[in-house]
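Line order of the protein sequences matches chains A and B. With my numbering, letter number 120 in the first sequence gets 1160, and the count goes up by one each step, no holes. With my numbering, letter number 22 in the second sequence gets 1062, and the count goes up by one each step, no holes.
One or more hints might be untrue.
Note that identical chains are pooled: a pair holds if it fits in a single copy or bridges any two copies.
[What the hints assert, rightly or not] Dumping the calculated DMTMM-like pairs for lysine to aspartate or glutamate here, alpha-carbon to alpha-carbon at most 25 Å:
#, residue 1, residue 2
1, K1064, E1077
2, K1064, D1297
3, K1170, D1297
4, K1064, D1246
5, K1257, D1246
6, K1257, D1236
7, K1250, D1218
8, K1257, E1065
9, K1064, D1089
10, K1257, E1188
11, K1250, D1236
12, K1257, D1104
13, K1064, E1105
Keep in mind that the hints were calculated from the coordinates and are not lab data.
2 protein chains.
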Amino acid sequence: MTQRTYAVTGVASGIGAELARILKEQGHRVIGFDIHEAQANLDRFIALDLNDAASITAAAAQVDEPLDGLCNNAGLPPRAGLEETILQVNFLGTRAFTQALLPRLRAGGSVVNMASRAGAHWRENVAQVKRLAAVGGCEGLAAFIAAEQIDATRCYNLTKEAIILWTMAEAEAMIQRDLRMNTLSPGGTATGIFGDFQRAFGAAVDRNIKRAGRAGKPEEIAQIAAFVLSPAANWLKGADIAIDGGMGAFNLTDAMDLQGLRLA
Amino acid sequence: MTQRTYAVTGVASGIGAELARILKEQGHRVIGFDIHEAQANLDRFIALDLNDAASITAAAAQVDEPLDGLCNNAGLPPRAGLEETILQVNFLGTRAFTQALLPRLRAGGSVVNMASRAGAHWRENVAQVKRLAAVGGCEGLAAFIAAEQIDATRCYNLTKEAIILWTMAEAEAMIQRDLRMNTLSPGGTATGIFGDFQRAFGAAVDRNIKRAGRAGKPEEIAQIAAFVLSPAANWLKGADIAIDGGMGAFNLTDAMDLQGLRLA
């Protein structure tokens, strides 16, 4: 097999840590980024704080080898008090880090952005996403939050809608760079930040998990991320893939009253 | 590795033939179904006419071993004069064949249904899909087509919307059977029926392919089908995956005017 080199953010825990493990198991090199130091399954660790423009520049500058792919997996959960940081880390900082790494991505390279089932309502929130995308700097963010009157949960959902729409918007430009970018939208996954989602989204989380039979496992998301990073997925471009054990389908089935379509 | 056994319909050409090749290359057993006899990359060929209820029953009855997965890939293109056959083969017959094979599918089994980018407007056509799903027998189909006043192109799109919505609707019931079902939605793929799509969808097809750089290759769709059939994709349930080289993303970007979100 061909050994490839992948960059993975948020590699210290959860889906990112599982992705590093799987990529190493497949024989690849992994450069891991996180705000918390990590070593497991990494060829190299580089400290990265997506809330800090200088850290983004410095981290990207330390990458001195060509990359076959980048998984933008790092993200903050919905947590009161973190509104600005969520907008910065999950979307604006992730976008800036991607831009900083573009020159390192080899032709044919794959960028996988971790979105969320929480971003599924992107169709209804295009205008707010555009306003967020146009915000510059930290002062701008505080004013944006005040003007939009949004709490941490809405900030979180907005960043996931933004990452889906941004990925779509870049599809054509990425082709011109001989790169491709897609989003994955996990739902109800058993990671260290699962409690935040239960608090933010209430009973719906437990109801979905009950219908799905259990929460998703980080490795189940990471397996699909590893595939989308690989050349076997090379015709996947600008797509969003729901990885939620059926949770999205249950909710759409209810909303559209599709039960009658089922086999006897 | 574990050898698995997969059933693939429409295996004589295009995406189905490529899927058989890839699954064999991965060391699996492949039982192929088609209206046209095929042998390449198959452990067994079973004749199947999805337009014929007796053929569906007979073909399914010939499967005497447990299956790890089924790819419902067979389908007719939009072609004037084939209206009833399109509705029958692409949706009603495919659904009946799936039902007939359910008892053969092993716990953990994966069903992959070939939808299309032409089915992307499922949100707007739920009511018509429900009416199609309720049609019984051939006489019913003629009356349905007359009542709905639909041509072959609309029939084709409707069957693809139907397969996406049906797959969604089954997500929860499939979990109870310890199975999972997803759809793939290729766009602009270079198969033997490509000319039909150019005639049916006009200049939009060539425009999309120009923006994507080229048409998709059957093997690029089949690689993803092989992955979704595999246990590595086991948390994918009730999902629809666009595999279109970015064509869906271009069109959504235009429709929502997202160009401003792009990196400089």
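Copy assignment of K1250 with D1218, given that the CA separation must stay at most 25 Å: between (42 Å within a copy, 15 Å between copies)
Regarding K1257 and D1236, is the shortest C-alpha distance of 25 Å or less found within a copy, between copies, in both, or in neither? within (16 Å within a copy, 43 Å between copies)
With identical chains, the pair K1257 and D1246 could be close in the same copy or across copies; at 25 Å between alpha carbons, which is it: within, between, both, or neither? within (15 Å within a copy, 41 Å between copies)
Indicate which option fits the pair K1257, D1104 if close means a Cα-Cα distance not exceeding 25 Å: within, between, both or neither. neither (33 Å within a copy, 34 Å between copies)
Reference check for the pair K1257 and E1188, CA-CA at most 25 Å: within, between, both, or neither? Result: close neither inside a copy nor across copies, 34 Å intra and 45 Å inter.
Up to 25 Å between alpha-carbons, please classify K1170 paired with D1297: within, between, both or neither. Classified as between; 10 Å across copies, 32 Å inside a copy.
Is it within, between, both or neither when you check K1064 against D1246 at 25 Å Cα-Cα? neither (33 Å within a copy, 41 Å between copies)
Regarding K1250 and D1236, is the shortest C-alpha distance of 25 Å or less found within a copy, between copies, in both, or in neither? within (18 Å within a copy, 45 Å between copies)
My question is about K1257 and E1065: at a cut-off of 25 Å on alpha-carbon distance, are they close within one copy, between copies, both, or neither? So K1257 and E1065 pass the 25 Å test inside one copy only (18 Å; across, 29 Å).
Identical-chain pair category, K1064 with D1089, by Cα at 25 Å: within (24 Å within a copy, 46 Å between copies)
Cα distance capped at 25 Å. Does K1064 pair with D1297 within a copy, between copies, both, or neither? This pair counts as neither: shortest intra-copy Cα distance 44 Å, inter-copy 40 Å.
What label fits K1064 with E1105 when the C-alpha limit is 25 Å: within, between, both, or neither? Close inside one copy (17 Å), not across copies (36 Å); limit 25 Å.
Of the numbered hints stated above, those contradicted by the structure are hints 2, 4, 10, 12, listed in ascending order.
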